[in-house]
Amino acid sequence: MTENKEEVLLMKGNEAVAHAAIRCGCDGYFGYPITPQSEILETLMVEEPWKTTGMVVLQAESEVASINMVYGGAGCGKKVMTSSSSPGVSLMQEGISYMAGAELPGVIVNVMRGGPGLGTIQPSQADYFQTVKGGGHGDYKMPTLAPASVQEMADHTVLAFELAFKYRTPAMVLADGIIGQMMEKVVLPPFQPRLTEDEIRAKYPWATLGKTKDRDPNYISSLELLSEDMERLNQRLQARYREIERTEVRYEQFLCDDADYVFVAFGTMARVCQKAVELARAEGIKAGLIRPITLYPFPSEILNELADKVKGFISIEMNAGQMVEDVRLAVTGKVPVEFYGRMGGIVPSPDEVLNALKSKLIK
Amino acid sequence: MSVTDVNMADMSVTDIIKPENLVYKKTTVMNDKPMHYCPGCSHGVVHKLIGEVIQEMGIQDKTIGVAPVGCAVFAYKYLDIDWHQAAHGRAPALATAIKRLLPDKYVFTYQGDGDLAAIGTAETLHACNRGENIAIIYINNGIYGMTGGQMAPTTLLGMKSTTSPNGRDLPINGHPLDMSKLLAQLDGVCYVTRQSVHNLVSVKRAKRAIKKAFQNSFQNKGTSIVEVVSTCSSGWRMTPDESNNWMVENMFPVYPMGDLKDV
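Here the protein sequences line up with chains A and B, keeping their order. For reference, each letter of the first sequence is one residue, going 1 to 363 in the numbering used here. For reference, each letter of the second sequence is one residue, going 1 to 263 in the numbering used here.
Simulated from the structure, these hints should not be mistaken for lab results. Keep in mind that this is a model prediction, so the values were computed, not measured. Check each hint, because a few of them may be wrong.
Here are the computed lysine to aspartate or glutamate pairs in the DMTMM-like style, where the Cα-Cα straight-line distance is at most 25 Å [stated by the list, open to error]:
(1) A/LYS213 to B/ASP32
(2) B/LYS25 to A/ASP214
(3) A/LYS286 to A/ASP214
(4) B/LYS77 to A/GLU352
(5) A/LYS203 to B/ASP61
(6) B/LYS204 to B/GLU242
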């Protein structure tokens, strides 16, 4: 591979996460096997980045331990991550809440499978509520990226770290089993060196790297016993969330300019809906698609703007109807917002989605 | 004139506070914040010993502590080092990552018996089994102190607590859990010792043990565990003096003092 030429590779979404992590200067990955995302840990163990970049990779005893290892590493100002799938991510909620409370950056990749309970190993988007509404206890939010391709699995891993450190918050890459398992072309991100301890000290003065004489001790904690102090911490977090909502919204539009009807879908369902838009247009139905790339912050503004000129929206999800609530909040009743979804690991086809649009919105 | 030469009663206050007469000095790794611990509690003494060890080893800038949930949740307020406050039971998971990401640091956890022997059993056992090069300071007072004196996994049979008001009952609650004995079986563990801090001799021994645990963590020998059988006079509903005596009479037979493993 020459340095200036982009190499196009073929790999699974899960593998792309592992390679992107190594390349973006990740300091540590801590994870526990669970289908359909075990290739992330497996790829890292094959790549052995501790011999090249010095990245630590450890198979933990549970998802509970994994997220707490991430908490520990993050407190030292290190770029650390974990990954899991739905049941495992449920186990991580305590740790994610603690990270939010202690203002720690870190990346969690959730390759969703069907639930509730042990559910199925087939793809799903049923963790939308858990992720964007705060799955753990307390008032917190977490920047959430929804990749729709193997390329985005790589790109979002890098971007999630950027957002996590910019706002001192855990950030999630919320993929589904298809995006994790399917193979596609990908151009991996360029290599970035890991930060040295001196660089971390300069960049993140809160990091616990050992108390030097020139500063007070650093401590990483989410505990404030006095209500006034705890409210101040919450206010600081909320101010940060408002800033994230102002500046970090990302979405993609597909043929919305002249659309009468707009699909709203993320991840795998956005790809299905893109095909459905093409099928609709071939039939003379002016359909479009909004694909939220950030699920939190949610692209409410564009949906509200479009609501002034379209006849209706339909949210298409692999769940019982979760994101549709945020679409309705964004549209503020201006036009109908319908929902169509399948559960349990079933992926609706483009025809099925188009029929839903016709029967629910066009009638 | 030094204190060894004369009777203290013959000395004035100004004589006593002369630098040459000082026989003890508080470690500078401890700050002057008033402690929230109850009178007679062992935490304060153990904190002081950790501070002394860190100062003597000259590793204040290289030490990262992980505090538990429980009374010692505020350990970070008293020792002037960098700290993490872990979720209940998760300290060994945090310490694992910290030590692996910062292998040139001294990393220790400070955990109570509820933290280490109940909710954090898995994290503790697996960190030890992996042989993480960390020191675990394990305070065992047989009770949940901070939440008001509930039964712990280490509570003695027959011992009363707010959730075993008639005493720990074997058919209902099972046996007291001897974590040190369990952990000593693991190949990843190099040092397990049981200490106390209820009198001068025990305090000196406990300090030696803590120092050894810290030193071990830099010799790639694996995990070191210093259990300190401790008092909780508030949780036990006793005076500090009664607590010490009760501990010696009742706790020591179940949790005997001494080294369980030293590789």
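Structure-based check of each hint:
1. A/LYS213 to B/ASP32: Holds, because 17 Å separates the two Cα atoms, which is no more than 25 Å.
2. B/LYS25 to A/ASP214: Distance ~23 Å between B/LYS25 and A/ASP214 Cα, so the pair holds.
3. A/LYS286 to A/ASP214: This hinted pair is violated, its Cα atoms lying about 65 Å apart.
4. B/LYS77 to A/GLU352: Answer violated: B/LYS77 to A/GLU352 is near 61 Å, above 25 Å.
5. A/LYS203 to B/ASP61: Roughly 18 Å separates the two Cα atoms, so the pair holds.
6. B/LYS204 to B/GLU242: Holds. B/LYS204 to B/GLU242 sits at ~22 Å (cutoff 25 Å).
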